[in-house]
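There are 2 protein chains.
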Amino acid sequence: MNIYDESLKFHEEKRGKIEVVSRVEVNSVQSMSLAYTPGVAQPCLEIQKDPDKAYIYTRKWNTVAIISDGTAVLGLGDIGPLASLPVMEGKAVLFKTFGDVDAIPILVDTKDTEEIVNTILSIAPTFGGINLEDISAPRCFEIEKKLKEKLSIPVFHDDQHGTAIVVLAALLNAMKIVKKPIHTLKVIINGSGAAGNSIAKLLMSSGISNVIMCDRKGALYRGMEARDAEKQAMAEVTNPYNAKGTLPEVIVGADVFIGVSAGGVLTKEMVQTMGKDAVVFAMANPTPEIFPEEARAGGARIIGTGRSDYPNQINNVLAFPGIFRGALDVRASEINEEMKVAAAYAIANSISEADLTDEYIMPRAFDKNVQMQVAEAVRKAAAASGAAKV
Amino acid sequence: MNIYDESLKFHEEKRGKIEVVSRVEVNSVQSMSLAYTPGVAQPCLEIQKDPDKAYIYTRKWNTVAIISDGTAVLGLGDIGPLASLPVMEGKAVLFKTFGDVDAIPILVDTKDTEEIVNTILSIAPTFGGINLEDISAPRCFEIEKKLKEKLSIPVFHDDQHGTAIVVLAALLNAMKIVKKPIHTLKVIINGSGAAGNSIAKLLMSSGISNVIMCDRKGALYRGMEARDAEKQAMAEVTNPYNAKGTLPEVIVGADVFIGVSAGGVLTKEMVQTMGKDAVVFAMANPTPEIFPEEARAGGARIIGTGRSDYPNQINNVLAFPGIFRGALDVRASEINEEMKVAAAYAIANSISEADLTDEYIMPRAFDKNVQMQVAEAVRKAAAASGAAKV
Numbered sequence: 001m002n003i004y005d006e007s008l009k010f011h012e013e014k015r016g017k018i019e020v021v022s023r024v025e026v027n028s029v030q031s032m033s034l035a036y037t038p039g040v041a042q043p044c045l046e047i048q049k050d051p052d053k054a055y056i057y058t059r060k061w062n063t064v065a066i067i068s069d070g071t072a073v074l075g076l077g078d079i080g081p082l083a084s085l086p087v088m089e090g091k092a093v094l095f096k097t098f099g100d101v102d103a104i105p106i107l108v109d110t111k112d113t114e115e116i117v118n119t120i121l122s123i124a125p126t127f128g129g130i131n132l133e134d135i136s137a138p139r140c141f142e143i144e145k146k147l148k149e150k151l152s153i154p155v156f157h158d159d160q161h162g163t164a165i166v167v168l169a170a171l172l173n174a175m176k177i178v179k180k181p182i183h184t185l186k187v188i189i190n191g192s193g194a195a196g197n198s199i200a201k202l203l204m205s206s207g208i209s210n211v212i213m214c215d216r217k218g219a220l221y222r223g224m225e226a227r228d229a230e231k232q233a234m235a236e237v238t239n240p241y242n243a244k245g246t247l248p249e250v251i252v253g254a255d256v257f258i259g260v261s262a263g264g265v266l267t268k269e270m271v272q273t274m275g276k277d278a279v280v281f282a283m284a285n286p287t288p289e290i291f292p293e294e295a296r297a298g299g300a301r302i303i304g305t306g307r308s309d310y311p312n313q314i315n316n317v318l319a320f321p322g323i324f325r326g327a328l329d330v331r332a333s334e335i336n337e338e339m340k341v342a343a344a345y346a347i348a349n350s351i352s353e354a355d356l357t358d359e360y361i362m363p364r365a366f367d368k369n370v371q372m373q374v375a376e377a378v379r380k381a382a383a384a385s386g387a388a389k390v
Numbered sequence: 001m002n003i004y005d006e007s008l009k010f011h012e013e014k015r016g017k018i019e020v021v022s023r024v025e026v027n028s029v030q031s032m033s034l035a036y037t038p039g040v041a042q043p044c045l046e047i048q049k050d051p052d053k054a055y056i057y058t059r060k061w062n063t064v065a066i067i068s069d070g071t072a073v074l075g076l077g078d079i080g081p082l083a084s085l086p087v088m089e090g091k092a093v094l095f096k097t098f099g100d101v102d103a104i105p106i107l108v109d110t111k112d113t114e115e116i117v118n119t120i121l122s123i124a125p126t127f128g129g130i131n132l133e134d135i136s137a138p139r140c141f142e143i144e145k146k147l148k149e150k151l152s153i154p155v156f157h158d159d160q161h162g163t164a165i166v167v168l169a170a171l172l173n174a175m176k177i178v179k180k181p182i183h184t185l186k187v188i189i190n191g192s193g194a195a196g197n198s199i200a201k202l203l204m205s206s207g208i209s210n211v212i213m214c215d216r217k218g219a220l221y222r223g224m225e226a227r228d229a230e231k232q233a234m235a236e237v238t239n240p241y242n243a244k245g246t247l248p249e250v251i252v253g254a255d256v257f258i259g260v261s262a263g264g265v266l267t268k269e270m271v272q273t274m275g276k277d278a279v280v281f282a283m284a285n286p287t288p289e290i291f292p293e294e295a296r297a298g299g300a301r302i303i304g305t306g307r308s309d310y311p312n313q314i315n316n317v318l319a320f321p322g323i324f325r326g327a328l329d330v331r332a333s334e335i336n337e338e339m340k341v342a343a344a345y346a347i348a349n350s351i352s353e354a355d356l357t358d359e360y361i362m363p364r365a366f367d368k369n370v371q372m373q374v375a376e377a378v379r380k381a382a383a384a385s386g387a388a389k390v
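Chains as they are written, first to last, in my numbering: chain U, 1 to 390; chain F, 1 to 390.
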């Protein structure tokens, strides 16, 4: 049986991958009086007086909404909210398993940006954090921006920032191997959607200035024919030498290729034109921009993908559970750039430098110790950057 | 330590009365591939083709949203959404404990009827049912009505219908003791808010025609000075002899008094004017319309309250977990009058007639067998009334 049929059978047997359970026993008048009426009136009144008390008397402190409209689901695209529920439940499983976070899928039955924002604002009091998931660009940018303006709990679009964090982690370790200082790198990011933008911003936050973003037409540069507003904005802040041209043209001499685009767009011939000790992260799923065998044949030294069946899997699951764990623990008001960079360094440094090899730059996805190191780094960065409330 | 201080300590120790857990283990590439990417794509695609498959491949079938704006919380009134969270978590505990339903509190941060409706419609795909909770009248009527029109999953306002169901159950058993046929009864319902209206409708659905509703000004009757739209509507369908007057005036000769109003509004003297074998259900919480000792002194034979420290507690928890259990099991499109009446009979009949006494007309709130009988009755009534989809 292939993995798809097996998964279908598995889902049918489970009838749901998550479940809400009670943390208290109610089996007597006494226990009912404590957990429910009349005793419950007291924590209610305390929260009414001081809303912060909700973090003490309820589960808000550990509860995150996983919100999706189902428009950009994994490799499936716009399948609608209901059809995305198996993915969102899976994400909730990962949140719990690796971060001990109570995550609740919330599907929104609209594609209208304003409606999605208003719905989330309306239900926000329930939650300690908001994880946006699989919402298509450019709507995801506006939704996240508006929510961050209006909410004082973490709002995190994992497809953007989770991806950016694990890519930075992989890049940091790759550079330890090839011994290039990161500020000297020429990095090509192919794909200017949700993930591409966030990767570019995070690399720049980390001191890498020569970042060139490409879309299907080629490099984003100042003075280019108008594309969408996000692309124009990215052209302003990336590509310091204002390189122009298609991917095969601008990739010449690059140290790093990061693909968050579509399967097969990178050829062996293009890799051959890259600099010495080239690094290729081909993240498109399930078909990467270039298969590792081809990239190797083109001369790439360190190769990563999103897939678990090749070495160097660059997987979001290394980031988001620990990041939310850390953010929730200090009641962070946001997940800022400092916290993201700290998370990337924690992931990278979870492997000692002596153990790094061309085929081992990322820790295993199932290592809970990594998550705990990420959480600790995020707590510290939140405190240092002023985002921590406790 | 009193119950309120004890409850505060209890809530602080628990830091949340519910929790989201994973039903699957993810500790290997293989298990990740089944529960998440890439295998999860298959159930997604199946649901995209046939939305009903969400009931098979996800937890939707067993998941209910407990939605509140915090405007009419227990005895506390309008304390706002966040402060109501301890109550909503408590409700989720009862849903799980007695009905094995996964219930998720969702607080809505608005009092605007239209906004609440739109928010709920927007997030509805996630859920197998909607339980409205502690939303003040008359907004609760409009919200429920609009949701029922637009959604094909059960929408249930427990403060209305849950209360009505347990009151009808108590009434059925009381009448077995005093041996009055229910269609002959004169029933006074004091309180014309959410619960009062629903009780009146359910009693009428059960064959009791002489139901007189009172608000602070007295009986609702045809031709009365305009009050609110809901009250006008209830005046049209209740009070067949169009009795006029204040509570002390219309209660004369009544067989049953049902209070869903405010503490202390019924006096011993009023009870003295009721008919033989008078029944008094004084449901206001925590202070009933009349304390049982006083009602007894006034000549009432069977007395019920909402409190656990008196006999005959008339408690919603006997109804809503089993009702949702039954409705979810048959994927009911709604919870209709037939299902509610069936639930009331199931609660009443869970005590054998031989065991009934003046002080034992309702089963214990902690008897899971009662819930299972309610669920079974609801499944059957759903099938018989055409609401069951499977």
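In case anyone wonders, no lab produced these hints; they're calculated from the structure.
Please note that a few of the clues may not be correct.
[Stated by the list, open to error] Simulated coverage check for chain U against chain F, where a stretch passes if three residues somewhere in it have a Cβ under 8 Å from a Cβ of chain F:
#1 3 to 17
#2 43 to 56
#3 121 to 133
#4 154 to 160
#5 209 to 220
#6 249 to 260
The C-beta atom is built at its ideal place from N, Cα and C for all residues, glycine as well.
Hint check:
1. With 13 residues having a beta carbon nearer than 8 Å to a beta carbon of chain F, the segment 3 to 17 of chain U meets the requirement of three or more and the stated coverage holds.
2. By the rule of at least three residues with a Cβ nearer than 8 Å to a Cβ of chain F, the coverage given for the segment 43 to 56 of chain U holds, with 9 such residues.
3. Three residues within the 8 Å Cβ limit are the bar, and the segment 121 to 133 of chain U against chain F gives 6, so the coverage statement holds.
4. For a cut-off of 8 Å, the count of residues in the segment 154 to 160 of chain U with a CB near a CB of chain F stands at 0, and the three-residue condition is violated.
5. Restraint check on the segment 209 to 220 of chain U versus chain F: 0 residues with Cβ-Cβ distances below 8 Å, three needed, restraint violated.
6. Interface restraint, the segment 249 to 260 of chain U with chain F: violated (0 residues with C-beta to C-beta distance below 8 Å; minimum three).
Checked against the numbered hints listed earlier, the structure breaks hints 4, 5, 6; every other hint is satisfied.
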